[in-house]
Amino acid sequence: MTNDLLKLVREKKPLVHHITNNVTVNDCANITLNTGGLPVMAYSLDEVHEMVRVAGALVLNIGTLNREQIKAMIKAGKAANEAGVPVIFDPVGVGATTLRTESALEILKEVRVDIIKGNKAEINILAGHGGQIKGVESVGEYNNMEAAAGSLAKKYQCIAVASGPRDLVTDGKRIIWVANGHELMGRVVGTGCMAASVLGCFAAVHEDKLKSSTAALVTFGIAGEIAAVKEGVKGPGSYKIALFDSMHNLDYEEIEKRMKIEMVV
Amino acid sequence: MTNDLLKLVREKKPLVHHITNNVTVNDCANITLNTGGLPVMAYSLDEVHEMVRVAGALVLNIGTLNREQIKAMIKAGKAANEAGVPVIFDPVGVGATTLRTESALEILKEVRVDIIKGNKAEINILAGHGGQIKGVESVGEYNNMEAAAGSLAKKYQCIAVASGPRDLVTDGKRIIWVANGHELMGRVVGTGCMAASVLGCFAAVHEDKLKSSTAALVTFGIAGEIAAVKEGVKGPGSYKIALFDSMHNLDYEEIEKRMKIEMVV
Amino acid sequence: MTNDLLKLVREKKPLVHHITNNVTVNDCANITLNTGGLPVMAYSLDEVHEMVRVAGALVLNIGTLNREQIKAMIKAGKAANEAGVPVIFDPVGVGATTLRTESALEILKEVRVDIIKGNKAEINILAGHGGQIKGVESVGEYNNMEAAAGSLAKKYQCIAVASGPRDLVTDGKRIIWVANGHELMGRVVGTGCMAASVLGCFAAVHEDKLKSSTAALVTFGIAGEIAAVKEGVKGPGSYKIALFDSMHNLDYEEIEKRMKIEMVV
Chain A
5 MTNDLLKLVR EKKPLVHHIT NNVTVNDCAN ITLNTGGLPV MAYSLDEVHE MVRVAGALVL
65 NIGTLNREQI KAMIKAGKAA NEAGVPVIFD PVGVGATTLR TESALEILKE VRVDIIKGNK
125 AEINILAGHG GQIKGVESVG EYNNMEAAAG SLAKKYQCIA VASGPRDLVT DGKRIIWVAN
185 GHELMGRVVG TGCMAASVLG CFAAVHEDKL KSSTAALVTF GIAGEIAAVK EGVKGPGSYK
245 IALFDSMHNL DYEEIEKRMK IEMVV
Chain B
5 MTNDLLKLVR EKKPLVHHIT NNVTVNDCAN ITLNTGGLPV MAYSLDEVHE MVRVAGALVL
65 NIGTLNREQI KAMIKAGKAA NEAGVPVIFD PVGVGATTLR TESALEILKE VRVDIIKGNK
125 AEINILAGHG GQIKGVESVG EYNNMEAAAG SLAKKYQCIA VASGPRDLVT DGKRIIWVAN
185 GHELMGRVVG TGCMAASVLG CFAAVHEDKL KSSTAALVTF GIAGEIAAVK EGVKGPGSYK
245 IALFDSMHNL DYEEIEKRMK IEMVV
Chain C
5 MTNDLLKLVR EKKPLVHHIT NNVTVNDCAN ITLNTGGLPV MAYSLDEVHE MVRVAGALVL
65 NIGTLNREQI KAMIKAGKAA NEAGVPVIFD PVGVGATTLR TESALEILKE VRVDIIKGNK
125 AEINILAGHG GQIKGVESVG EYNNMEAAAG SLAKKYQCIA VASGPRDLVT DGKRIIWVAN
185 GHELMGRVVG TGCMAASVLG CFAAVHEDKL KSSTAALVTF GIAGEIAAVK EGVKGPGSYK
245 IALFDSMHNL DYEEIEKRMK IEMVV
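Protein chains in written order, with the working numbering: chain A, 5 to 269; chain B, 5 to 269; chain C, 5 to 269.
Hints are computed from structural coordinates only; laboratory data are not their basis. It is possible that part of the hints are untrue.
Partial list, derived from the structure: chain A residues whose beta carbon lies under 10 angstroms from chain C [what the hints assert, rightly or not]:
#, residue
1, Leu69
2, Asn70
3, Ala100
4, Leu112
5, Lys113
6, Glu141
7, Gly144
8, Asn147
9, Asn148
10, Ser155
11, Trp181
12, Val192
13, Gly239
14, Asn253
DSS-like mimics (lysine-lysine), calculated; alpha carbons at most 30 angstroms apart, straight line [claimed, not checked]:
#, chain 1, residue 1, chain 2, residue 2
15, A, Lys238, C, Lys138
16, A, Lys238, B, Lys79
17, A, Lys238, C, Lys159
18, B, Lys16, B, Lys79
19, A, Lys82, A, Lys264
20, B, Lys264, B, Lys79
21, B, Lys11, C, Lys138
22, C, Lys79, C, Lys159
23, A, Lys261, A, Lys215
24, C, Lys138, A, Lys75
25, A, Lys138, C, Lys16
By construction, the Cβ of each residue, glycine as well, lies at the ideal position given by its N, Cα and C atoms.
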């Protein structure tokens with residue numbers, strides 16, 4: 005399944021339109037290309053509706069938001085909804101400031117989102133289960149992620165993805181844990197944002213977003229595992245470079261062998 | 005010739021003022037420094053006219069444009085024209101949205117541009133020969149690049165550069181094909197933007213922009229070739245790093261040996 | 005001392021709030037994480053005051069400033085002052101344009117800054133001693149840095165840091181020269197900006213900013229020395245990657261051994 009979808013991404017080269025933060029934007033563009041998609045970043049209110057219509061997916065990330073950008077996200081999101089383009093939403097730092105919380109809720113009210121992807125705190129906070137965030141970093145323990153993500157998925161009739169050492173994917177009924185990935189991914193700024201780009205690539209090529217999201221996380225996680233054992237990787241700097249290489253070089257057999265998915269009934 | 009110009013860049017360390025997209029801006033800054041120039045990024049309407057006056061070249065790139073930024077580009081461009089500072093224009097994604105097309109035409113109307121650099125689709129579209137663009141990526145076949153680039157160069161009395169596996173440089177009369185470069189350059193986000201920065205470095209040190217552009221593309225292409233065979237290069241991530249290294253370490257003998265230029269008539 | 009402070013950074017993981025340029029923002033985020041802190045970038049007038057209150061330090065960098073951003077910096081700076089959060093100011097390119105000079109002076113008038121960090125030209129210019137800047141690069145000779153930095157520190161009752169082959173740290177009375185670092189750091193765009201992030205991490209964990217600044221520069225400089233001799237480093241591209249790795253891997257014994265501080269009475 006994962007391999008079939010990755011093959012589709014590589015064949016179709018879907019355009020993934022990002023409206024995202026200015027910190028990790030280059031990483032998002034490169035991981036999209038490495039996965040097999042084509043990245044495009046377009047932010048202006050005067051063009052987002054046009055650009056998104058030819059895209060395979062739209063990724064919205066509020067990491068360095070402002071009111072103007074939120075307007076563009078909503079405009080792009082509505083145009084995506086009309087055109088049937090899947091929307092991935094990464095509510096970076098929701099709960100950390102009033103602006104982030106209000107903007108996230110406004111986007112979710114105005115745009116039909118297909119996938120919400122956040123760290124544990126973000127998912128808990130958006131689900132109304134409380135949570136603690138330090139800047140954009142999840143802090144504290146979250147022992148009931150399945151309930152939080154499940155209620156968020158039900159509320160917005162979408163897929164909720166909670167990233168962490170194990171990633172949780174749910175549509176509010178089915179729950180999938182993806183155990184692929186590597187601890188070094190947390191030592192690099194932007195792997196969360198990159199995951200959203202990969203989710204976008206896969207969402208563009210398959211109707212069932214529970215499946216596409218699982219496949220995306222497996223793929224990115226395995227690239228992360230392979231990168232960690234590459235010769236020349238000596239810390240987070242060289243690890244990030246190896247991650248790009250591994251994503252580009254991913255081999256279908258390797259994926260078959262390493263895939264670690266657990267389905268909770 | 006290429007070597008003489010590269011020596012001049014390294015000696016004079018021209019300041020290259022960029023008004024550019026937020027995706028590849030760091031790469032543009034680094035490649036400028038690696039080539040021998042000094043990068044500066046300054047975008048505000050309140051300062052671009054001052055900054056450009058002390059620059060050796062101005063690079064305008066509309067990759068993540070908005071109306072405010074276009075105003076700043078035009079202001080900077082006019083100040084560059086007055087001060088005799090060469091202007092390099094990279095019409096990223098022209099044709100993909102109305103905003104991009106209109107903005108590109110407005111810049112070309114208001115500013116005397118010395119070099120227009122685009123991918124095949126962008127050059128064809130700007131020349132009025134039609135073309136197809138997917139986000140910011142050229143798609144489709146272009147069999148008459150010489151005619152398209154030639155007419156664009158004539159129309160704006162400038163140098164037109166069409167990048168691709170072979171780069172075309174023309175002033176509307178003379179046509180030069182540069183065959184240096186490597187296929188991996190297309191696997192990294194931003195090599196097109198970086199090429200414009202290198203064109204800026206070289207344009208700053210020589211009057212004849214056909215020659216300076218050819219020398220810039222030869223230099224960058226050879227750096228790309230050398231990077232591809234470096235130990236430790238295992239994919240697009242490590243390739244990009246090696247490209248920066250190679251550009252910095254470029255050796256005049258190597259350039260002499262590898263240069264691949266074909267002059268048409 | 006340096007080691008004690010680095011241990012504190014790694015234990016406390018201070019949140020370092022950046023309002024910074026879009027060229028080196030990703031590098032600043034990564035070096036903050038590599039040092040042991042948590043980076044957050046938040047720019048909007050609608051949230052900076054909230055974000056900074058939970059931060060351990062605020063880093064203001066005017067590398068790609070505009071009037072809106074300066075307002076946000078002042079608002080964040082005032083909130084930082086109220087909350088007792090130390091402020092690090094990097095007046096990138098001051099003197100190069102009227103906007104930069106006026107904005108730097110306005111920030112220094114409105115915000116109580118704990119540390120001003122600049123290159124030699126920037127410190128001299130801000131101190132009113134004259135200086136020459138090419139874009140954002142210090143040019144010319146500066147033979148009386150101690151006097152310039154000292155008068156700047158006295159004027160704003162803060163620590164002044166002048167970066168260069170040797171970094172100078174002063175509170176207007178005591179003068180410290182840090183001789184750690186490597187010449188390759190000057191071949192990479194953004195090491196100056198990164199130094200400000202490291203200054204922020206250390207300022208967050210110690211009251212005495214003369215000491216915290218010295219420790220930060222020693223630490224970053226030693227990471228730069230170690231990176232330079234790493235296998236696989238062949239130029240500025242691979243050097244930057246090794247710098248991130250080295251910062252993350254820094255070993256207390258190595259710091260003890262390599263520390264090069266000279267105290268001027």
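Give me the numbers of the hints this structure contradicts, sorted from smallest to largest. Hints 4, 5, 7, 8, 9, 10, 11, 14, 15, 16, 17, 19, 20 and 24 contradicted; others consistent.
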